[in-house]
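Undergrad: The residues making up each chain are set out below.
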Amino acid sequence: MDLTEFAAAVGGEGPVTISGLGTRGGPVAGVRCVHAPAGIEWVQADEMIVSCGAGTRVDELVAALAAHHQTVALPAGGTVGGALSVGHGDVRRLGYGPVRDVLLQARYVSAAGELVKAGGPTVKNVSGFDLCRLLVGSRGTLGFLGDVILRTRPLPQTSQWFTCSAGDPFDVFTKLYKPISVLWNGSQLWALLEGHPRDVAEQAAAAGLRAGSGPPALPVGSRRSVAPSTIASLTGDFVAEVGVGIVHHVDPWLRPVGDDRAATLAIAIRDQFDPGRRLNPGLDV
Amino acid sequence: MNAALVADLTAALSADRVRTGTTELGLYGRDASNFPGSAGVVCFPLTTAEVQAAVVAAVRHGVPFVARGSGTGLAGGATPLDHALVIALTKMDAVLSVDPVNRFAWVEPGVLNLDLTRQVTKYGLHFAPDPSSQQSCSIGGNVANNSGGPHCLSDGVTASHVLAMEVVLSDGSVVVLGGDEPEPAGLDLRGAFVGSEGMFGIATKVCVRLTQNAPAVRTMLMDFETVEAGAQTVSAIIAAGMVPAALEMMDQLCVQAVEAYIHAGLPVDAAAVLLVEVAGLPHGLEADVARIVEIGMAHGAGTVRIAQDEAERALLWKGRKTAFGAIARIKPNYYLHDTVVPRRMLPEVLRQVYAICRRHDLLVMNVFHAGDGNLHPLLVFDKREPGVMERVHAAGEEIVRASVAAGGVLSGEHGIGIEKRDFMPLMFGPADLAAQAAMRAAFDPSGLANPFKVLPSPGACGDVQHVPAGAWV
Ligand SMILES: Cc1cc2nc3c(=O)[nH]c(=O)nc-3n(C[C@H](O)[C@H](O)[C@H](O)COP(=O)(O)OP(=O)(O)OC[C@H]3O[C@@H](n4cnc5c(N)ncnc54)[C@H](O)[C@@H]3O)c2cc1C
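Protein chains in written order, with this note's numbering: chain A, 1 to 285; chain B, 286 to 758.
Derived by calculation from the structure, the hints in this document are not laboratory data. Every residue gets a Cβ at the ideal spot worked out from N, C-alpha and C, and that includes glycine. Possibly wrong hints are sitting among the right ones.
As the list claims (entries may be wrong) - In the DSSO-like style, the derived pairs of lysine-lysine whose C-alpha atoms are separated by at most 27 Å in a straight line are:
1. 603(B) / 407(B)
2. 376(B) / 407(B)
3. 603(B) / 616(B)
4. 175(A) / 407(B)
5. 407(B) / 178(A)
6. 668(B) / 616(B)
Stated by the list, open to error - Derived contacts from chain B toward chain A, CB cut-off under 10 Å, selection only:
7. 344
8. 347
9. 348
10. 379
11. 458
12. 478
13. 690
14. 694
Next comes chain A alone, as it looks inside the complex (with noise of 0.2 Å):
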């Protein structure tokens, strides 16, 4: 499928929800459901930015880059499009920076069925408004996403999980220079180095830490936001992402309300790109 039959496959009226392989929540129920165009178009190593359908499997890219010793902050599991509309970063977040960062350029179509080109092709541009950043994170709410240009990293030439006890975890933190991952459950953490061999070794040496394996499993109550200097505080079963914020937690989480303005002005984006709420009704973003 090409992205004229894919907008064709959106059309531009009646309810239509999208889905990649249901990994991260699965489309609307009871509305017709499309598919984005899968497959990688191009890797340009040197460039480094890769283009890929939206249906395309994160697991596929990132084992297509592994060839070229590349490789993608997207978290693992189902398909670009997915990951890049719920919007979430896995636990190297720290080192590898949010999923936003990612997306380069798009090309979704819209509420009115039409193709349209967010961003553009190169690593650095500011050319015209930042489409990109409001897509990543809208969860198909103001346009499916089609086709994707995407900025690559080179991997590591070593990469280690380390661990040490630890009742205070910026302790640790703060020693560390550009860790990839730091987490912590309250008594223990849990350190991902990334570098030259030797750097690795010694950073961990200097931080008191010792070659263990990771990440921990995470609880799946509930993935919290919260500033990241709360977390010390933090009590019960959970996992906090030391530097981040990010904390999975046994217990269900009721989220703070939000600025209100806030949510009109997200509101008044919704009304701009899609009136009648046809891209995946009913979804709360």
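Start from chain A and add chain B with the ligand according to the hints.
TA: Below, chain B with the ligand alone, put in the same frame as chain A:
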């Protein structure tokens, strides 16, 4: 002058911070670009509440308002049109709080880029985006233009370093976009605001991410007999899986101008010079330095000069950073361009840039962020020469077209503003532009926040419709 607006502003701020004098209106009537504008009133708020009052007053009187940081923008973003109200944020320049452990800070928009870094040096941190104008540009301007700099190659541009902002919208409301938490609920409004060139609202507080200073840094200079060899070295370094902290290139004319200015012992006979900086932990760093030198040699580098101490490193960077001062010795005026091309296209596009400038009988120097493919052709001229401005603009347009045709984009860091507004159709079709206009309509339904920038008016599109389809990418 709009007397009713001035009266409202004076009541809300104070008389000495509302200015209508000819000198001030002249001063604030333009930014660092070549585009003339006209300011109606200039005001200098001290607080979010005063910014809010100024915006409400402007909208009540139907007057457009333009946020202004330091006015160093090069695309006309802060240039007021139609006697707009200029809201200058320079007096809101406090660093409000720093969290040195989790590495972020809340700052007011008028804080200067380099001042922020200076204030957090004691924690071993810095603000990563480092525009060449960093001594004078403001964080608010950096956010609005999504600015970059030499060290954004490995660390990313401003968008990657802004977590949240407090914004005054054109309806007078104050909203916080994003937050110091990593995944705020809802759409990424923070991300949408970065790069909005003052057209979505006015940032009154910004939460920036701070970056750890590298434990070790190595800076080196390599020279080449051809521009192509230098450009190919750049591609080869990245293709080898390294992302240096900075990878900058200067061509011969530029090196000669700089050398005459700072006497750093730069290789004035070389066609191109690469400034490469690697930063990080010692073993990875030394391995990268060795590989980079090897790649440079394989591409015919004449000499490789590795800075032996901090003083020499500073000297090499001084060469890069004073390029603009240096060229003033050659001709009194310059026009700095800013486009991005795929790295592999650098040799070809540079060839075209030289040819274009030769055709228009203009002097061009290239000093640019080669690692990002971010070209900065610097046209130098004397504007007193009759007809020269026409040639400067014609050459500029050809450079932009050549860059987009090579698979590049209109701007890498200066933004669109007035300068490139009418080139937007080179990159975007009507539906693409409509989507961008929809973003703006949601943030600023009044249309009074810095109007007539970025988005081409429908009439202007016809001008560039003959662009070949291949330019669309
Ligand atoms: C010699 C020289 C070198 C330069 N080098 C670089 C470089 O290396 N990299 C680079 O990216 N740029 C560079 N620039 C361009 C310029 O310095 C940057 O764009 C800078 O970020 C602008 O900051 P400013 O405070 O001067 O903003 P201004 O010029 O005052 O404003 C720029 C835009 O931001 C808007 N704005 C300002 N403050 C706010 C606010 N608080 N809220 C909302 N909108 C606001 C304005 O309306 C305008 O659209 C250079 C300029 C010069 C003159």
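Undergrad: State for each hint whether it applies.
TA: Hint by hint, here is what the structure shows:
no.	hint	in the structure
1	603(B) / 407(B)	23 Å, holds
2	376(B) / 407(B)	24 Å, holds
3	603(B) / 616(B)	20 Å, holds
4	175(A) / 407(B)	16 Å, holds
5	407(B) / 178(A)	18 Å, holds
6	668(B) / 616(B)	9 Å, holds
7	344	16 Å, violated
8	347	21 Å, violated
9	348	23 Å, violated
10	379	20 Å, violated
11	458	5 Å, holds
12	478	8 Å, holds
13	690	13 Å, violated
14	694	4 Å, holds
Consistency note: the structure conflicts with the earlier hints numbered 7, 8, 9, 10 and 13.
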